[in-house]
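Visitor: The lines below spell out each chain.
Number of protein chains: 4
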Amino acid sequence: MLKLDFHPAGRHFLQIPGPSPVPDRILRAMSYPTIDHRGPEFGALGLKVLDGIKKIFKTQQPVVIYPASGTGAWEAALVNTLSPGDTVLMFETGHFATLWKKMAESLGLKPEFLGLPGVEGWRRGVQSQMIEERLRADTERKIKAVCVVHNETSTGVTSDIAAVRRAIDAADHPALFLVDTISGLASADYRHDEWGVDVTVSGSQKGLMLPPGISFNAVSKKALAASKEAKLPRSFWGWDEIIEMNKGGYWPYTPNTNLLYGLNEALEMITDEGLDNVFARHNRLAEACRRAVRAWGLEIQCEDPAVYSPVLTGVMTPQGIDADAVRKVIYERFDMSLGTGLGKMKGRMFRIGHLGDCNDLTLMATLAGCEMGLQLAGVPLAGSGLPAAMAFLASEAKAATLKAAA
Amino acid sequence: MLKLDFHPAGRHFLQIPGPSPVPDRILRAMSYPTIDHRGPEFGALGLKVLDGIKKIFKTQQPVVIYPASGTGAWEAALVNTLSPGDTVLMFETGHFATLWKKMAESLGLKPEFLGLPGVEGWRRGVQSQMIEERLRADTERKIKAVCVVHNETSTGVTSDIAAVRRAIDAADHPALFLVDTISGLASADYRHDEWGVDVTVSGSQKGLMLPPGISFNAVSKKALAASKEAKLPRSFWGWDEIIEMNKGGYWPYTPNTNLLYGLNEALEMITDEGLDNVFARHNRLAEACRRAVRAWGLEIQCEDPAVYSPVLTGVMTPQGIDADAVRKVIYERFDMSLGTGLGKMKGRMFRIGHLGDCNDLTLMATLAGCEMGLQLAGVPLAGSGLPAAMAFLASEAKAATLKAAA
Amino acid sequence: MLKLDFHPAGRHFLQIPGPSPVPDRILRAMSYPTIDHRGPEFGALGLKVLDGIKKIFKTQQPVVIYPASGTGAWEAALVNTLSPGDTVLMFETGHFATLWKKMAESLGLKPEFLGLPGVEGWRRGVQSQMIEERLRADTERKIKAVCVVHNETSTGVTSDIAAVRRAIDAADHPALFLVDTISGLASADYRHDEWGVDVTVSGSQKGLMLPPGISFNAVSKKALAASKEAKLPRSFWGWDEIIEMNKGGYWPYTPNTNLLYGLNEALEMITDEGLDNVFARHNRLAEACRRAVRAWGLEIQCEDPAVYSPVLTGVMTPQGIDADAVRKVIYERFDMSLGTGLGKMKGRMFRIGHLGDCNDLTLMATLAGCEMGLQLAGVPLAGSGLPAAMAFLASEAKAATLKAAA
Amino acid sequence: MLKLDFHPAGRHFLQIPGPSPVPDRILRAMSYPTIDHRGPEFGALGLKVLDGIKKIFKTQQPVVIYPASGTGAWEAALVNTLSPGDTVLMFETGHFATLWKKMAESLGLKPEFLGLPGVEGWRRGVQSQMIEERLRADTERKIKAVCVVHNETSTGVTSDIAAVRRAIDAADHPALFLVDTISGLASADYRHDEWGVDVTVSGSQKGLMLPPGISFNAVSKKALAASKEAKLPRSFWGWDEIIEMNKGGYWPYTPNTNLLYGLNEALEMITDEGLDNVFARHNRLAEACRRAVRAWGLEIQCEDPAVYSPVLTGVMTPQGIDADAVRKVIYERFDMSLGTGLGKMKGRMFRIGHLGDCNDLTLMATLAGCEMGLQLAGVPLAGSGLPAAMAFLASEAKAATLKAAA
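Residue numbers (full-length UniProt numbering), protein chains in the order written: chain Y, 1 to 406; chain S, 1 to 406; chain H, 1 to 406; chain R, 1 to 406.
It cannot be assumed that every hint is accurate.
The list makes no distinction among identical chains, and a pair is therefore deemed to hold if it is satisfied within one copy or across any two copies.
What the hints assert, rightly or not - Pairs of lysine-lysine, BS3-like flavour, derived with a Cα cap of 25 Å:
| id | residue 1 | residue 2 |
| --- | --- | --- |
| 1 | 328 | 247 |
| 2 | 344 | 247 |
| 3 | 228 | 101 |
| 4 | 247 | 102 |
| 5 | 222 | 101 |
| 6 | 101 | 142 |
I should point out that these hints are in silico values taken from the structure, not numbers from a laboratory.
Using the sequences plus the hints, can you model the full thing?
Guide: See below:
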């Protein structure tokens, strides 16, 4: 019999940038008995989570919840709004932007992939002026949608979505605006309505602290209108029937009841903490993490401080050091999982997740594991990163104490 | 705060034909900590469940597991094997067969919908000779696939899949054979390889006793070959990359880790009981249920004893009695959920689920709730159904005792 | 490895008169993380459960909660109030009254054991006039305490505690009044203050629906005063320090934190249902059970309808039938546990528990298991008990419907 | 409604020296359904845990398991072996030794309390030569038992029990030898048989990683013989009946079934890791902790390196610094619980627990919380403790890597 409790004594530290650790509160909520998805209690649950999730997306418009993982919600955004052969403008921010582009091709769309040369684009955010220029040049309005990734999980860059909106507006271009914030939602500030996004794609297993298995499309009026004309075949992902049934709190097909219990609990946890406090906590941990990386003398993957991710930090290993060898040591000796380098960054970086159910001491444990692992793997460090991180966290705690006393 | 424990004192009886009650063992397994889906333990888990699930489908060929509910697996079966405009032959066994046909239309296929007239087809199984005739007439081989539902959840009819296979063979027709056993798997005997099925579609929330959220395509070599030529756009549902990554126990995108923990536990439970014992238990409970229905003097929805479902029993209410009013009384007074009449049968029947984590006494409780509810709703009964059910169950128990002693 | 999920498919029916089935809600609450029992949150929890439990005992006076099972609370009641060699008057209602008497002897007390002759006392409740007579005869006031069992778990008799109080008063005797309602609390009406009980002993694993592990002493002012003079050695059980520390919600030694989480949840469940509704439900199930027993033509252990227990029903098997053989068949064939005959009733009866997290359909399942098991064991029955039970439950449900509509 | 999930985002760090954090595995095991404590499965469970626990005590003799917390097991050790007025020799190692002495007085025993003057005895272990001298002087053999605490939870001192045994033997004194290892068991090496202990007292909520609620007496033949003559009144705590019933895996009264499930799981976890590996891990974490304390320039409460505790480390705050104020800052700002100074050490120290389900990174998080909290509370530190702790842990990890490769 395979034993599912794989790990040795003490808690495993799951510090990958998602799936993030699922809090016990959510696991407990997920263990409520499955109920009739056509019964009255289910309707009450459905209405509650459908309403609550809107606040997280900062939208007044419908949010569609799929009983499928985040990759499915990518597909849903495309097939509901586009037709075979449509041109879509995508921006290469990293591995996940690349995968989304590949998906667009598979579905019969024609993606144009803008980006900076080499790995440069993987170390900076979306360049909105490049998008603006390309849209201005598209005088025939062939481009039907602009697709960008908000928080690029493969690098640790959180792009400026409002700037992309301004670029589209400046070009006075009618393209739809599709944004993936699978790993950003509920960790980094996000404003579906204010930023004029037409479809926002997200998932459950990151800032929402749920296991993978449900995913989201927040849908603007413009996107809904576009879906009436879109010709890509669709059934499971079709918005219309879902939005119609959602009015009563139900779904046209069997929803993922137990994950919706978890979502309900997650929404309560986030509301109790306060969404802005959640963002501030993520920013604080990210800054502490970066201070440790700098004290080690290592390079942060993201080169532009304006777009540092609050969700994860990419750490580049020195030339000649295989980042995956470092990860392996840390995994075997300190029972901690870190994210691997993906695509163009394979072997050259590791990723530290500090999202979701994470606090100051969890981060300190994480940094200790990294530092000891780097040492064991023979990486020369400029100094210990922990005092640097602690100095920042302690000063933040002091400020919070003074504020509470005031 | 919405309280998720909706129900009053004592356990709610969830006797709908799925989602079926999730055993505590499985809920516990689902609460194991989410692990890195790229780490070594995940690979071990993946290989184990991918191997185990084959035994349930009785196949040596790949079974694709989607992090999506069963309706998605319907779509996957179609988009992996077919091209826009393809003709598919489907058979109207009930509401779910009708929904699958509707999906085929949405995806740009041309379904032909065979069936008996009126509600007649909803009370009998697939008529394989009708399929054979239609295939023989298709001299141009325009029909690319034959699609049937094994266990029709809306009625309580379990069709003879081997007979359909023989019909296709008798017509010497090259069409693919696609079967939905979403509600049949692990409750009714099913043989993907022996019956020559090309794609079998199933889900987690029925005989496998899991919450909804993962679903399956068992895939024959012929289906895999067809997928190389199929032109319907697909990405999330694409078999190729999944089957390739599955070799190591991984998935191309984030899998539903916690439901896979649950699947692992379910497979152990089924293996411990023995698959044949599971089927025998379902048949025993179904027969006891039907004896009670007959003792009440009510009609069983399925008119052909050869295709009675071991999963659920559809009970028709007398003329003038709204079956949903009966269900409401039972729900409110006896804290039990029954399935509603769907589509053509709306208001004319209710459905008793006796699948998954169900035993003799659970069934007796269920029948007691039905009988008391029918009385409260003013339905005239020929007699008490419980002694009839008990006589059968006691005789079966006696036989088991004698067998154990022998 | 011993597998703890011992049972086959479907839920085991634990219908012994305690430990009763623990609802999932309570198991979930018990899985909250253990906290510092000296920290501020613990104090809040402590104050809440200490206050809530008083409502269940219907007292304004302290209720001491021990991190020990019910037998310990028996000892606590004696050692806190009595001195070596003290005479105590106890009444033989059954096996547990006998065990309590035996404990008193072990502790160096001198119990006098009143009772009806033979098994007669085991089929009737406490005879308060016998107590009154004995107390009147005790002109030297040698009797320091009167000890009776409220709900005798071994027989299914719930004695009239108010009548015993009246008997003590009528005799104008200063003895303390000690009552065991381990299996009665939160199932049968109980009034510590109104009935003038000095120490009420109870436990967690019956009507409170918790696992075993915590137990209670509700303590009157008179009992507290007596404890100042009592000479039996005590430390762990000593009330003083506990009551003092309880003022802040704490305990002098490590409390059973996770069971207190469960207690908090149980109190919420009982409050939500309403204590009177809880009693009404127990009475309804008990009456339905007795009607089935009568329809079988079997004898109810309790001969006096005035003291039928709402918690359990003792069923006597005909001469020559070993009740434990019946239990074994039911256990093996129908996966249900029933209580055995204890002490003088060994082999002559079995006990059906219908307490705690139990509802109409659970009871019907239980009765079906009994009836089929009796048949398999060769016990001749006058008829089926299920229609009789259902007729009663349905009429009660009808009355509830009418009441709700009014 | 009181919400039981008191804490903010991220996991609370419960670093008190017990109750220690309960691993999810154990919480899950504790949620198995309560079964009939008189049924066959219970007997199998009982036999298994009764056998397994012996290995932890390193004994071949009976271990009695009480459904009561550790304080009860203290009482059990005394009342089973001693008679009113008996003299017992106890040694003042700290707060818990003092409480046990107080209990002996409450029970009518005459404890003599040996110890070093002032707080000196609280910073060193048991002085076995003092015991030997006292026993030699007891020519009338009035001393019936020698009672010492193995791991003194209030200070962080683990006394040399074998040396006490040698002292008793050297004095050729017949006194029983009673040892409390409530907080030492399964964290520090302990040998009931080899060290000739007559009664070893322990509990569940420390090294065994369970919630509080069950406790233990390991009992030698000599202790059993003594219990036949001992005159202190007892019933609940009486060994005889329990040991007799334990032969079949049962208890004379209702056991704490769900905690026994947890115990079974804990025994599997400890066996899987290996008891010696468990001890080595505790020693490693304790040494790393002490290195941090020294780097801070603070004093370790235990002055004798030979008896440093592997379970906890007592840290003394400088003159003028209230240790509880430090704890409060850490609790409020970093969501971590530390142990308070008890008795003579009130306000002068805090206690860091590093026992049970604890690993390298948990310890690093703990030390980071302490260090930041000390800074916020204005305690001047000689330097950062984290690099010192990390240097030790990394060197140990390196050694483990080399050993694994060899």
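Visitor: At most 25 Å between alpha carbons: which applies to residue 344 and residue 247, within, between, both or neither?
Guide: between (44 Å within a copy, 24 Å between copies)
Visitor: Using 25 Å as the alpha carbon limit, work out where residue 228 and residue 101 are close: within a copy, between copies, both or neither.
Guide: Classified as both; 23 Å inside a copy, 21 Å across copies.
Visitor: Are the CA atoms of residue 222 and residue 101 at most 25 Å apart within a copy, between copies, both, or neither?
Guide: Answer is within: at 22 Å inside a copy they meet the 25 Å cutoff, but 30 Å across does not.
Visitor: Could you figure out if residue 247 and residue 102 sit no more than 25 Å apart (CA to CA) within one copy, between two copies, both or neither?
Guide: Result: close only across copies, 22 Å inter versus 34 Å intra.
Visitor: One pair to classify: residue 101 and residue 142, alpha carbons no more than 25 Å apart. Within, between, both, or neither?
Guide: within (17 Å within a copy, 35 Å between copies)
Visitor: Cα distance capped at 25 Å. Does residue 328 pair with residue 247 within a copy, between copies, both, or neither?
Guide: between (49 Å within a copy, 22 Å between copies)
Every hint from the earlier list agrees with this structure, and none is contradicted.
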